[in-house]
Structures are given as structure tokens and as C-alpha cells.
Amino acid sequence: MTTIRHHLTDDLIMGYSAGTLPEAVNLIIATHVSLCDDCRAAVEAHDALGGAVLDATEAETLDDGCLDATLAMIRAMDAPTPRDIAMPRDAIAPAPLLDYIGGSLEAVKWRPVGMGVKQAILKTSPEATARLLYIPAGTAMPDHGHRGLELTLVLQGAFQDDEGYFARGDIEIADAELHHTPVADISQDCICLAVTDAPLRLKGLARLAQPFLNI
Amino acid sequence: MFGATEPLDTRDATSIAASAINRHVRGNDRDKAKPVSAGTADENAPDWAAVLIRIRDNRDEAAFVALFRHFAPRVKAFLMRSGADAAQAEECVQDVMATVWQKAAQFDPARASAATWIFTIARNRRIDALRKQKRPEPEDLPWGPEAEPDQEDRLGLQQETEHLGEALASLPAKQRDLIEKAYFGDLTHSEIAEATGLPLGTIKSRIRLALQRLRHAMDRK
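Chain order of the listed sequences is A and B.
For the first sequence, the numbering used here gives the first residue as 534, with consecutive numbering after it.
For the second sequence, the numbering used here gives the first residue as 7, with consecutive numbering after it.
With the rest of the complex left out, here is chain B (with noise of 0.2 Å):
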């Protein structure tokens, strides 16, 4: 009864597994943002949150055109894996981008990156656009000028994040492919009962944090 009306997909899996793998050279030659953390990060990959905060605060258009050049190719990718043909998809990844920079001020680099928020948005643009319904959104926590979060839950979020996309990538072919297929809408619920208790890491613990911290920021107020 939930989710996905149509048969499974049947794409070829060694497919969908090889472009897990395929990760593309990240980067930009306009953008010289510093990796925030010196961990697992690559040297030369540029630090995305540090970008959105940049237009987020200074409505930076280069910062913009950098993280379009990145992101805006994968959304088109996700929208069509997601059954939206090539013109669809080209619209909505401008719609996509467009929100991105209208609601920058909604981003909260302590509790997701700028791939997990963008996911969000064209996530939602998909239900929209596909099944022409708003998604119920939770109540915003509380938040103030005060709540800006510090460095270490953003670093801290940052390498958790890291580590989701590491074990992610280092799945068997047959658990990613499953976990993809959940994410581009084309599981059931029932099939989507098999795709979870994969491992999450402590990404959960880590932004479980974040939340208390903001809630007694408001506290305190």
C-alpha cells in the first residue's frame, strides 16, 4: 500500500553499482575554500559548508556558480534516477538551485552538509513535481542569532558525514544498490524495511548534540 506504485525497477544493477563508485574529482578552480578539517578530507576538495555559509552571509554569487558547478550536474542525476525525464530534470534543477539560494539562511552546518541539504530540497521539489504534494515539515526548532553553532559541531558533523559516504561506498554492490534505490523512490515500503539498520555510524549521536545545544541556547535566552 505505502510508497512506490510501479514495478521495481529493473535497471541493471552493475550499473547502478558502478556509478556509486565512480566519484568524481570534486573541486573548482573558482572556489579556494580551505577543507575545514585536516582528517580523512582531500586536500583538495573544497569545503562546502564554508561555500554556503558564504552565500548565506554574503549573498556571494562566485560562491554560488561553485557550488552550482558541483552540485547542480548530481541533482539532475538524482531527479532522472528518480524517473524525471532529461527536460523535467533540467527544470527542476534550476528550481532547485534557485531555492538553495533563497533559503540559504536555513542552513545549519552542525546538524547536515551541504550535500545532505541540498538532497533535502530536490527530494522535495520531487514530491512536488511528481506527486504535486507539499511534504509535512517538522516544527522549526527554536533558533536565535545566540544559536550559531560552533566550531566543533560543525567539524565534528563534517567528519561523521565523511565517514557515512566512506561506508557507504565500501557496501556490498547489493546493500548500496538497495539503499540507492530507497533514496531515488523506487522501493516500496515494505522493500525500504530491508534497506535500514545499515550502519549510520554515530552520525545520529553527533547531531543529537547539536539539537540539546540549541535547545539550551533558547533556554538560557
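Excised from the complex, chain A in its bound form (with noise of 0.2 Å):
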């Protein structure tokens, strides 16, 4: 594995063991976690401070009946699932991304927003949008601003902002206070995923594309 720079915060982390988060942030959070063996440590210790939380729960009773329907529905399951050996899919989209993109990054409906940078916007319920954008190396990044969070993990390549340079794994947590301008390392063309909460704010002209960019 690549050595990893930049991390999750505890609250996201919190928050994707406690299962309150929208399933795109969950979605970008699984993709860094299955780069990132640190951040799979912190989410499965928040995992087992709501196991601690279970196993405090004062007991409910259980309706008369409860375990014999389990266990015929044990007794009429197929066999086990059994766990097979996990070999990664793709080079590049690690399998919680693969869910969301048809299964292949050659699946993608790439659709262009100018300066050679192209998105493709995921499918996920509405409080937060994921997107995939591809950045042709060397391209700079409107400077834009948020209104709320935006998440962006590399994939491919490797862009550099005023927050530092982010490799593939790396995830950028910005908020709304910072304004940046990233821009893709000249080696390579830069895949990322990206996670809002809010449209971005773009500044200058690139604003009044912004209804037609979606972005």
C-alpha cells in the first residue's frame, strides 16, 4: 500500500459506524477506508464502541415465538455464504466505487464541463451528490468556494491546493471556510471522487454556467 497523508476526521468516522451519514459521504468514506488500513482501524474501534453501546442496552423482551421464527428461517436458508478469497477488482476503483459505476471505470458516462475536465454524477440519495471527475494533468480547478462540505478523494494522479498535495488515497475534507484552486499533477490525468453537501460556489464567470455544470 501507498503510504497515505492525508485522513478521515473521528467525526466522519463516527458518523459512518453510526450509520447517520447520507450514502454519498458513506460512499466516498468506504472507498478511502478500503485504501487506507488506518482509517479501517478508527472505523472498526467506532464499530466496537456501538457494540459496547448494544451490549449496554437494556434488554427488551422478545414477543413469544420470536426464536422459533428464526430459526426456521435459518432452516430454510441456503447454505452459508461462505467468505471467498478477496482479490481487488480494479486497479483503480476500489468495490464500494465499482457498485456505483456499473461494475468498470470503462462503464463511466463522462460528460464534459470544459478545460478538458469531464464528470459523471453517481446515483445516490439527494442530501449529498458523489461525482467522479477526471482532470487532465496539469489542468487547474476553477477557484471555488463551499457552501457546506466537500469531500474529494484521489483516485489516479495527484492534485496539489493551497491545503497540500493529495496522492492517490488521500482524502481532502474542506469546509466552508476554504476557497481553493486545485490543480492536477502534470504526470498524470487526476481521477477523483468527489462529495458535496451544498453546490459549490464558484467564483467569477464560471458562475453562471453553474446550473447547467451541476456542480
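Possibly wrong hints are sitting among the right ones.
Stated by the list, open to error - With a straight-line Cα cutoff of 30 Å, these simulated DSSO-like cross-link-like pairs (lysine-lysine) come out: (1) LYS140/B with LYS656/A; (2) LYS109/B with LYS210/B; (3) LYS140/B with LYS642/A.
Keep in mind the hints are simulated off the structure, nothing from the lab.
Hints given; two lone chains; assemble the complex.
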């Protein structure tokens, strides 16, 4: 594994573990965790806290017949799901992302948004939006701020902005305070998964095009 | 924007706090599995991980009944605290416990206790039932027959889990209440930010070690 320098924050990890985040945010977290064992361990530690809460919960009485009904269910089940030997299915897109792009990056229907940049919006629940971005090597993205949170995970290539250098597996967490101009690294075209919980705020002319670009 | 759309729960905080410390006597006559850990474990507490492994490896129905009697009433309580009514919760409990049976092969005692693993299944069922969504899960780690965890990893995780339970029980009521609300899905995202930073102990580094061993085991293949 490559070394990942930019990680999830504790509030995102806890929200993911508690199960209270929008689907698009869960998707980018699951994709980052697929690439980052530090954050995977942090998520599983938070799951352990959930387990401790469950264990300490005052038990409710079950209806008569609940156990028998469950035993009937398991007896009627097919053979249990065996554990497969897991192999990465794609060198760029981890498994949770593949489920949202039809199984392959080749299946993505990119739409041009100007300056050679392409995007594809993924189908999730509406509280937050997930999109794949394809940024040609060396291209600068429009200077933009956010009304809400913007999470950007690098899958291929790298980008640089005022906050630092972000390569495969790194996730940038930008809140409403941050105004930035990410520039894709010159060495390779950059593919990112980006999640926003409010429309981006673009400066200048790009703003006019915003409703059409849906970014 | 993130998280609960409903207003913050106004249930009586003292009853919530009381329920947290009112831990039930563990155990079941059917289950004579000895605790693997001789450390701080209650002498009479069954080793639920061992019970789950009997389900996993032997499709042991008696083990399943023992596990059900302990966890199903807690899963029902968890779902009701998360907003399900009694009838919905009863139905979901059956699904959750049947999923435990069906997916037992995925249980890894070096990375999760039985309670933790059952919590994740109950949480996913809640997301599915209340929000009609699937929860994107991380890609599975490389895993092969040789990756069976060693006893030391298992014991270590079990001890860390016990410490975490004790740490949760000994928190001031207000903090414990906040954490419980987070896991019952009662907090907005900004409220969750206030519930973080609580002592998780060293369980994270324990799990990190188990992950490293898994990766090394696969690299050797």
C-alpha cells in the first residue's frame, strides 16, 4: 500500500460507524477506507464502541415465537455465504465505488464541463452529491468555495492546492471556510471522487454556467 | 445538513443513563463455553466469540439459540431506541439474527467482538429499513485460509473490548448519553463532532496490528 497522508476526521468516522451520514458520504468514506488501513482500524474501533453500546442496552422482551420464527428462517436458508478470497477487482476503483459505476471505470458516462475536465454524477440519495471527476494532467480547477462540506478522494494521479499535495488514497476535507484552486499534477491525468453536501460556490464567470454544469 | 432530520430527542436523560449501567447478567444455561480470557472477564460470562465460531464452523443450532437469547433482546432494544416501533423491531431482529447465521463465515475474532459484529449487522439493517438505502462497505481485505487469526490476536481484541465496555460504563452520564445517542442515530453530524475524542483506548492499534498480519499473510502466498 502507498502511504496515505490525508485521512478522515473522527466525526466522519463516527458518523459512518453510527450510520447517520448521507449515502454519498458513506460511499466516499468506504472508498477511502478500502485504501487506508489506518482509517479502517479507526472505523472498526468505532464499531467496537457501537458494540459496547449495544451490549449495555437494557434488553427488551421478545414476543413469544420470535426465536422459533428465526429458527424456521435459518433452516429454510440456502447454504451459508462462504467467505471468498478477496482480490481487488480494479486497480483504480475500489469495490464500493465499482458498485456505483456499473462495475468498471470504462462504463462511466463522462460529461465534459470545460477545460478538458469531465464529470459523472453517481446515483445516491439526495442529501449529498457524489461525482467522479476527470482532470487532465496540469489542469487547474476553477477557484471555488463551498456552502457546505466538500470531500475529495484521489483515485489516480494527484493534485495540489493551498492545503497540500494529494495523491492516490488521500482525502481532502474542505469546509465552508476553504477557498481553493486545485491543480492536477503534471505527471498523469487525475481521477477523483468528490462529494458535496451543498452546491459549490464558483467565482466569476464560471458561476453563470453553474446551473448547467450541475457542479 | 448531515444526519438526523428530526429534532434532537428529548427523552429523559436519566433513564437513558440508568439503562447504560443496568447491564444484565450474562450467560445462558445452554452455553458452557469457558471464557478464553482469564483476565478481567466475569467467570460466568460465555465467550460469545467462541459461540459464534461454533456457528461459523459447525452450523451449531444450540450455539445459535444461546447467542439469540443473549443478543436478540438487545438488538430489539437498539432498534427501538433508534426509532423503530415494537412490531418493526421484532421483525428486524429476526432478519438480523438470521443474517448472523448466514454470514458467520465473515466473522473475524481478531478484529471484532461478537457484540461489535452483531451491532454492524443491526446498524445496516436499520439503514436499510428506515432509509431504504444500502450502506457502501469497504472492500474486503485480502483473505485466505491461512489468514485465520492466531489466539493472541483474539485474546488481545477480547481484552480491549472489555476495557472499552468498562470505559463506556464509567464515563460521566452526560458523555455516555451523547455516545449512546450517536449510535442510536439521534445526533446530527455537528452534534456527533462533540461526541468524538472520547477514550477508545488502544483498541485501534490492536485492530491495526490484526490488519497488518492479514496483509502479510496474503503477501506470503
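In rising order, the numbers of the hints this structure does not comply with: No numbers; nothing is violated.
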